[in-house]
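Trainee: Chains A and B are the protein sequences, given in the same order.
Here the first sequence is numbered in the UniProt record's numbering, starting from 1 and rising by one per residue.
Here the second sequence is numbered in the UniProt record's numbering, starting from 1 and rising by one per residue.
Keep in mind that the hints were calculated from the coordinates and are not lab data.
One should not assume that every hint holds.
To be verified - Far from chain A by the CB rule (all over 12 Å, computed), these chain B residues:
id, residue
1, Ser83
2, Lys90
3, Arg176
4, Gly202
5, Pro254
6, Lys552
What the hints assert, rightly or not - Residues on chain A that point at chain B, a partial pick, calculated with CB under 10 Å:
id, residue
7, Cys17
8, His66
9, Asn102
10, Thr117
Heads up, the beta-carbon is just placed ideally off N, CA and C, and yes, glycines get one too.
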Amino acid sequence: MIKAFIVVNNHAMVRLCRFYEQLGVDKQTELCQTVYKLVTSRPDHLCSFVDDEKTFGPDTKLVYRHFATLYFCILSDRSESELAMLDLIQVYVETLDKVFENVCELDLIFNSPKAYTVLDETVVGGLVLEISTNKILNVYDQLMKLEKMHSSLMDKIAIS
Amino acid sequence: MAPFLGGMRGLTVFVQDVRNCANKEQERLRVEKELANIRRKFNKTHRALTPYERKKYVLKLLYVYMLGYNVDFGHTEALKLISASTYGEKQVGYMTTSVILNERNEFLRMAINSVRRDVISTNETNQCLGLSCIANVGGREFADSLAGDVETILMTPTIRPVVRKKAALCLLRLFRKNNEILIPETFAPKMVDLLDAERDLGVLIGVLGLLSGIVSYDYKGYEACVPKVITIMERLTRNTDIPPEYLYYGIPSPWLQVKCMRILQYFPTPEDPALLDAQLTAVRNILKTQSVKNLNKNNALHAILFEAINLVTSIDYAHELLDPCVELLGKLLGMGPNIRYLALSTLNTLAAMPDLREAIKVYQSEVVSALHDADISIRKRALTLLFSMCDASNVHDIVEELVKYLVTADFDIREELALKTAILAERYSINDRMWFIEIALQMIDKAGDFINDDLWHRLVQVATNNPTLHADTAKLMFVKLRDDGATNELVLRVVSYCIGEFGYLLPIPASQYVDLMIPLFHSTDEGTQAIMLTAFIKIAMHKNCDQGSMGKIVQVFTDMSTSMVSEIQQRACEYLRLLQIGPSMRSILEPMPEYPDQSSVLERHVQVDNVASDVAAGVRKLGISQSVREQPKSLASSSMRVGTDLVVASPAQPRDAVADLLGDLIGETLASAPPPALPAATSSGVDLDELFGAGTRALPAAEQRPALAAPEVSLALAAPAPVAGAATSSNTLDDLLGLDASAAPAVTRASAAAHGGADLLDELGGFTENRIALVPAAVAPAAAPVSNGVKPTVNIQECAKRFLVADNGLLYEDANVQIGIKSQWQGSQGRVMFYIGNKMENADLQKVSMTIHQIDGLRHALQPVPSTIGAKRQVQLMLQVAIVSSFAGAPRLDFSYTCAGAGTVSVALDVPVRMNKFLSPMTIASPQEFIARWHQMVSAGQQQKIMDLAPQYATGIESVVNAFTGMHLAVHKGLDPNPANLVSGSRFVGEKSGEVLIGVRVESDANVRGRYRFTVASMDKDASRAVMETIVAALGANT
């Protein structure tokens, strides 16, 4: 089971995080910072896994991938395959890339609801819901249509 | 702007504002302003919020929460959005709820009804929103009231897949909250139907996720699912009927394949041969995988491959596949870091199977080279694997590699490494215990600063229990002592102990090792000194001890009988007395008897780890022999009692130490018993209690607890029973009693008088000529301010510079005199102890004078200086200092003396008392608080300097941290997110100035190694100037 999905930039700013375990705000912030420190201290040519019992406890591993200014990190328990987690990150990033047409950090800042929507169509409650980029995009497009419809409706109300 | 923010100009402006904030403090102000605004809006009673406004403010709250601020209001507004009618509002409501609220939150319960309304509605968008929310944050209440509805959705084929797959994962969440909602008898058949009939791979992902969650809890009742899962596997591996959107880089849903194999591992091996065969065929096909160029495709292929190997290890009848798996993993060791890491982990699992050891050993050299990988993750894996694959045949090679590796290993794993290596050496050296002893000594030598006493205790235990090794051990220790000296405290402990025990077996006179040990004695810590004292008495009491050595040992005992450390003093006094009594006491100093328990204290360290990690790894069916991992039945602590006793744990436990000492003498431990009533029955009839002044009171106590007199006591004492008779022995006892009762206090009084009540300085004997002689003596510069041709033999500037980062050391030395300093600092006060030694053999130092100049901001008082210091004598003078307010530089000391041959010599020195010595760490409640303080201080007065550091500090921030610690500048880790920088916050309380805070920032220049920018800030400008001055003097390259 995935315990947390965290996207953090080179400067320790958390751009997106979703915890699938019950944790207090302080703990979440602390965990994000720990993850940040771990991943930024590792040059890119090292492996994408950190297995640090002292930091995370015995049943947690960290799988991450570095894209441009962002680190995409997954904390999961041992029942998940590390490489499958890397695939998952890849699928998520590919989907974001299609949604935002060349995704960059600014997209996550100004459109974080969109990024969350995509994540929620990919991972639910710590388990993978959908792994096909196209399927995720289909659902996403439908949701966007709904959203647009309602906001244009709202605009009209506001104007009138 | 995007639809989400479309029209929400306020939100966009807020996000931009926050992003434009120059620092955290500005950001905090902006956020607080916004929170106040939102709170006001939510509280407004005269006008209800429009849905648009509510959505906007809740989104702002979400953003603020994401920035790391606590959002403790607005929860009801988020819940109101859930029950709104439009998608846009619902979406924001659900999103905020699942991010900000958690299952323990009271507010979430209020939402159950609205969520349920959405889940059972006919609007599938709303259904999805509700299901996702439950799957993310739903608690037990949700399980109780919604499980039935969710299950119905999953089982209804007419509902669209997009909803059903969410229902599957939602159901798993509810199952985890309450296992009773799914009963195997009724749910397993439904599950089988789902696996059988479901064609949509998206729903299958959800269903398999649900199944894996259920069977990881308990597989019983779900066995009928196995054939169905295997069928899905086959469908995937044959790539039949897979829609193109599920081809990931051309591979049919790697995700599903991995999931299927994971699920199969939770079940026992199928009994039906056809099923087993199908499973094996699928696995065999996967094992043929070849690597490809494309990174992502390669990842996916290997994800499947590794899972297939995991599956093989869990199938009972797949032995013929195991060797090919090992071979495959061996090849993968040469691939990219990710694959290498996983290959090492998987090999480690396989190494638990004894049959595979040989096959795995083929790759030993690859594993060893992975030990030197640039990546710590891989190094750790390699290390674990090396431990698992080690056995009697390769233990020598592996241990040799590990010893080599220890020197370069990361600090935080050295202790574990040293212990594990020693364990391997011990476990596989049944026939060659001497080799273990050699390896253990090497490990102690190389890792002595990182490990505790366990390892050398074990060495002693093994040596003691193998009488044939006594002579070799003694020789090994002697050679170590002679050739390398004591490289660290633990080495000195083990060497001293072993020489004390077995030294008499060496074919050399005792003087050879006694002469090596005595100089080391004075420069070591009390724990080691205590052990050395016991070693000395054992050496001295042996009949082969020569008169010269005896004299030196007596001298040590005599010196130490005035030690301020009660443990040392007591040992010295008692041993001295034992020597005076003579050979009749020899029997109590016989070598230690064998230890009764053979189990190793070391094994305990690793067993716990193994069990924990294996359980966690979910390796349920591996045929690991549990006996290897079982906890030792008897705790090893008992076996190590005597060894432990020899070490004085800390000076803070003098009473225990007294008890331990008796334990030493008679070979038995009674550490918990109060000293005056130590029950020690002896076969010789000598009541040792009386030695310690217990008198007759102790006799009944001894009778009451005869069981405590363990067999070792008689072993140690029995041999040549002192038959001196009642008269002699009572004489002896009286003597000892007298010593104990009156001599010790007298000694204490004497030393107290001599040292002028230097109670704060815990050890006075530690700093003697030997210690000083250890400091490398640099050649003095010609310009040293010394008169009359007597030149200092040390570089005074160098000495002064060293004191910038150290509290103790050598201040000055010339041909006649040596001045050493130890200092202690507490709050606004400090004590500086001068040790002034006359080095001359037969001439006094006369007209000794020391004058310390006043400086503003510092109050000081020096003990009266004796005008004459006799030949080879040392005096100690205490200087008490207190800080009044900030001050720069250090007070000057004019030191002069007269002696025959040199006339009058006078020198000017700096007393190593600088303002930074009075600093203590500043308490920092939160980074925000520190940043606020820092800005305040910077605006009041800051010093900034970009500086190239001296070579010894230019190696990295760690060395700067060490230097800062030496300067009493408290470093606060983690305040600066960049690990190459550091932040320090310290304070002192001056008698006049009150509390003064001083912050220091050190930022590294990424382009120039060893170049840093130092910023010192304080409300007190003089303080920041003084600290900067010290930093520049201590760390700078050209000062």
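Trainee: Could you run down the list of hints and mark each one as holding or not?
Mentor: To see whether the hints hold, each was checked on the structure:
1. For serine 83/B, the shortest C-beta to C-beta distance to chain A comes to about 16 Å, beyond the 12 Å cut-off, and the non-interface label holds.
2. A Cβ of chain A approaches the Cβ of lysine 90/B within 12 Å, the least distance being about 10 Å, so the stated non-interface status is violated.
3. Not every C-beta of chain A lies more than 12 Å from that of arginine 176/B, the closest at about 9 Å, which undercuts listing it as non-interface.
4. Taking the minimum C-beta to C-beta distance to chain A, about 5 Å, the non-interface status of glycine 202/B is violated against the 12 Å cut.
5. With 12 Å as the threshold on Cβ separation, the claim that proline 254/B sits away from chain A is violated: the shortest Cβ distance comes to roughly 6 Å.
6. Taking the minimum C-beta to C-beta distance to chain A, about 48 Å, the non-interface status of lysine 552/B holds against the 12 Å cut.
7. Checking cysteine 17/A against chain B: minimum C-beta separation of about 7 Å stays under 10 Å; hint holds.
8. Contact between histidine 66/A and chain B, as hinted, is not supported at the beta carbon level, the nearest pair being about 13 Å apart and thus beyond 10 Å.
9. For the restraint placing asparagine 102/A at the interface with chain B, the shortest Cβ-Cβ distance is roughly 15 Å, beyond the 10 Å limit, so the hint is violated.
10. The closest approach between the C-beta of threonine 117/A and any C-beta of chain B is roughly 8 Å, which is under the 10 Å cut-off, so the hint is satisfied.
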